[in-house]
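First to last, the sequence lines map onto chains A and B.
For what it's worth, my numbering labels the leading residue of the first sequence as 1, then goes sequentially.
For what it's worth, my numbering labels the leading residue of the second sequence as 1, then goes sequentially.
Just so you know, not all the hints are guaranteed correct.
Since copy identity is lost for identical chains, a pair holds within one copy or between any two.
What the hints assert, rightly or not - In silico BS3-like cross-links for lysine-lysine, where the CA-CA straight-line distance does not exceed 25 Å:
| hint | residue 1 | residue 2 |
| --- | --- | --- |
| 1 | K99 | K216 |
| 2 | K99 | K389 |
| 3 | K216 | K339 |
| 4 | K180 | K205 |
| 5 | K180 | K316 |
| 6 | K386 | K205 |
| 7 | K245 | K386 |
| 8 | K69 | K56 |
| 9 | K99 | K386 |
| 10 | K190 | K389 |
| 11 | K316 | K386 |
| 12 | K423 | K69 |
| 13 | K417 | K397 |
| 14 | K386 | K339 |
| 15 | K397 | K99 |
| 16 | K216 | K180 |
No wet-lab data here; the hints were simulated from the structure.
This one's a predicted model, so the numbers in the text were calculated from it and none came from an experiment.
There are 2 protein chains.
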Amino acid sequence: MSLIEPRTLQGFRDYPPALMIPRERVLQTARAVYRSYGYSPIDTPALELAEVLLGKGGGENDRIVYRFKDHGDRDVAMRFDLTVPFARFAAVHVPQLGKPFKRYAMGPVWRGERPGQGRYREFWQCDFDTIGTTSNASDIEVALVISDLFTALEIPNVQIRVNNRLLLNGLLESIGVADKAVPLLRCLDKLAKIGRDKVIDEMVKEAAVTAEQAGKVLDLCAATGTNDDILAKAEASFDGPPNEKAREGLARLRELLAVAQTAGVPDGRIRIDLSIARGLDYYTGTIYETFLTDLPGIGSVCSGGRYDNLASLYTKDVLPGVGASLGVDRLIAAMEELKHPWMTGGITPAQVLVLNFDSQYLGHYQRVARALRAAGVGVEVYPEVKRVKAQFEYADKRGFRVALIAGGDEFAAGVWKVKDMAKREEASVPEADVPAKVLAALG
Amino acid sequence: MSLIEPRTLQGFRDYPPALMIPRERVLQTARAVYRSYGYSPIDTPALELAEVLLGKGGGENDRIVYRFKDHGDRDVAMRFDLTVPFARFAAVHVPQLGKPFKRYAMGPVWRGERPGQGRYREFWQCDFDTIGTTSNASDIEVALVISDLFTALEIPNVQIRVNNRLLLNGLLESIGVADKAVPLLRCLDKLAKIGRDKVIDEMVKEAAVTAEQAGKVLDLCAATGTNDDILAKAEASFDGPPNEKAREGLARLRELLAVAQTAGVPDGRIRIDLSIARGLDYYTGTIYETFLTDLPGIGSVCSGGRYDNLASLYTKDVLPGVGASLGVDRLIAAMEELKHPWMTGGITPAQVLVLNFDSQYLGHYQRVARALRAAGVGVEVYPEVKRVKAQFEYADKRGFRVALIAGGDEFAAGVWKVKDMAKREEASVPEADVPAKVLAALG
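With the sequences and hints as input, model every part of the structure.
Printed below as a string of structure tokens:
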């Protein structure tokens, strides 16, 4: 019989243990932090009716979505993000669940885009949101969650950049160009690359504003200094006192900084940056981006913002909300590049290997292993009676940190040998002392 | 603008928190137990080339699989189980990973079958396997994992039924009807329903065996009594000493019982049952089924067995293995019916709600909440300044167990009120004592 070549589909990949162990750890960490703030888990189907998922259609999503006819000739599509399914979910379930509603969701999404370096057609999203309230307490909490998340991920060197669209929108209204936000922000995006003067030229050309108007936008968005400096300069970029919208934006940012400080977020972790402007058509208030200060070039690894209404496609119930999304795949790629300790472990989730000398001892091997497991230590029992050398090679290759050794002599003496694989040190201890000895070796 | 009806696709469902919190707990429990035995996590894509996933085709899977043309006009299909992708994965990765290789995998699979009571077109599988060894140590371990898994799931009343196909195969060979296993087992399946005599009649008719041959099959498969009785009767169903195949089956079952006993598996949890025979064409050695003794009617919730060669479609490398799969959705349905404590909690993953009296205190609310979170207690801060009654109603509806209350009077006095929501008891304690008081209230 001819063999089938065991290839994956273009743009897709397997997760062997070396990738999967860190991914599970990152997801589990995010899950624990989200839960610790009271966000509840939800899940939605991978497949939805195309009409429900794509709405009126005509957007970018139509081009990238995996769409086909199912067994009942229904027009169906695979989810391309977790936001649209959450909107549909909210329309169905929030009437029973009540408001505010805090949820997280983690799972794969699929996009038939051109794959590339580190970009796949299947990737995980990891979102959390609070909907049903406009309270700034929820906006502030998003920043706290991001901060605690990166602490828990053992990545302390992060900068959470925060903006509020109300500030820019207030300024644009005050200078009579409220409808120009999108082209202006597109030009602003090039600031780092082409400098202030050329951005003003572009704004004049692309957004049909005057050079003076463009200058005011830059005074606001490109303000530098401490967080307080930036907010003071932003305020000063208005002719006279800022209008109500801008005041609201300023007040929300100042409250965020004050609460984060009182709540104990490490100094310098939150940075006001009035130039960030993601989700131009979607986010309307606070905006978040998160950069690794040791690897800023990879871009934001956790981003989000406040939106006015989640589910207008599906319900008349107005559901304002705020949330963010951890870029799991990008983060893991960064952790690999940074040689993060989570990426350099072995490919076994258990730390201890019990060597197998004789199948007559198997019950005792498993008995001692089960005692260690009950103490929270993962223990594998080598399944075959093989040369000791081969079993040690297996232990080294997989990354076991401790080997437990007991053959005829040890059983006769009532002892076990506990071997620290890294130090190559071995000690004989009575069986009752094995757990303590193993725990000590594992630190 | 007309609204889109926010419906799910037929046969699919949302997981709101009330379903998702138990599902996450079950998956996390399975993950922890699998890992504690040294099974490593892997994942494979949801989409594969149809040719790779369906092999030569022509089977049941062709009918139920979701299959379509992707953006590159490739013939692709959604995975319908985790076994076929594991076979493909093993062909690719085991040469690097080495043998034996122990893996678990958890994720959704999709089948376009007729949905029904508790049956969906999207459901989760949760598999673990050891491949690359024929050692009975790995077979035995599967039973230990299942036992520890149900202990960890807080479902002690389970019966793990174990069989070994070598026994029946040995008997059939010895009486000259080795090729009749499949029809004989189909008839045997009706034993409980129609009784011994009618099963013999059916075997004679359907499998073209003699009544005497059928009687021997029943002597073996329907043996009752203690585990030792059953194995003794099985041995006695042979004319003279059993052949090598049957002796191997008997020895493996006896070793499994002995090791499980020494290793400390609770008495009576493992039950030899020579009538179970799942995966007729696939499993070749040990077979496992797991029944909830309080709800046997729902069938097996964790099943598996030993197979001779996992990946023959993809590689010439022979990969024997053994494993089992937890039926997550069936188990959760059973837990609901059994009113399992995990199913009766609230729909918040956090246990503590901090009431919000005034936004000026928000930093302090979050400061105290973060201290509790660092101590492992989930804490939600209510985002809006609302009537106390409304906040308590929210706490009750979501299932918070403790409320923390601090307004102007409390901040002036340096105390917090800690309210046990179930007991409706409230105590004022100094801020430093809040964590201890909360931990005590949560038990």
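Here is what the structure says about each hint:
no.	hint	verdict
1	K99 - K216	neither (39 Å within a copy, 66 Å between copies)
2	K99 - K389	between (62 Å within a copy, 15 Å between copies)
3	K216 - K339	neither (43 Å within a copy, 64 Å between copies)
4	K180 - K205	within (12 Å within a copy, 83 Å between copies)
5	K180 - K316	neither (28 Å within a copy, 64 Å between copies)
6	K386 - K205	neither (76 Å within a copy, 49 Å between copies)
7	K245 - K386	between (74 Å within a copy, 24 Å between copies)
8	K69 - K56	both (18 Å within a copy, 23 Å between copies)
9	K99 - K386	between (61 Å within a copy, 13 Å between copies)
10	K190 - K389	neither (60 Å within a copy, 51 Å between copies)
11	K316 - K386	between (68 Å within a copy, 24 Å between copies)
12	K423 - K69	neither (59 Å within a copy, 54 Å between copies)
13	K417 - K397	within (20 Å within a copy, 55 Å between copies)
14	K386 - K339	neither (35 Å within a copy, 47 Å between copies)
15	K397 - K99	between (52 Å within a copy, 11 Å between copies)
16	K216 - K180	within (13 Å within a copy, 87 Å between copies)
Going down the numbered hints, you'll see the structure goes against 1, 3, 5, 6, 10, 12 and 14, while the others check out.
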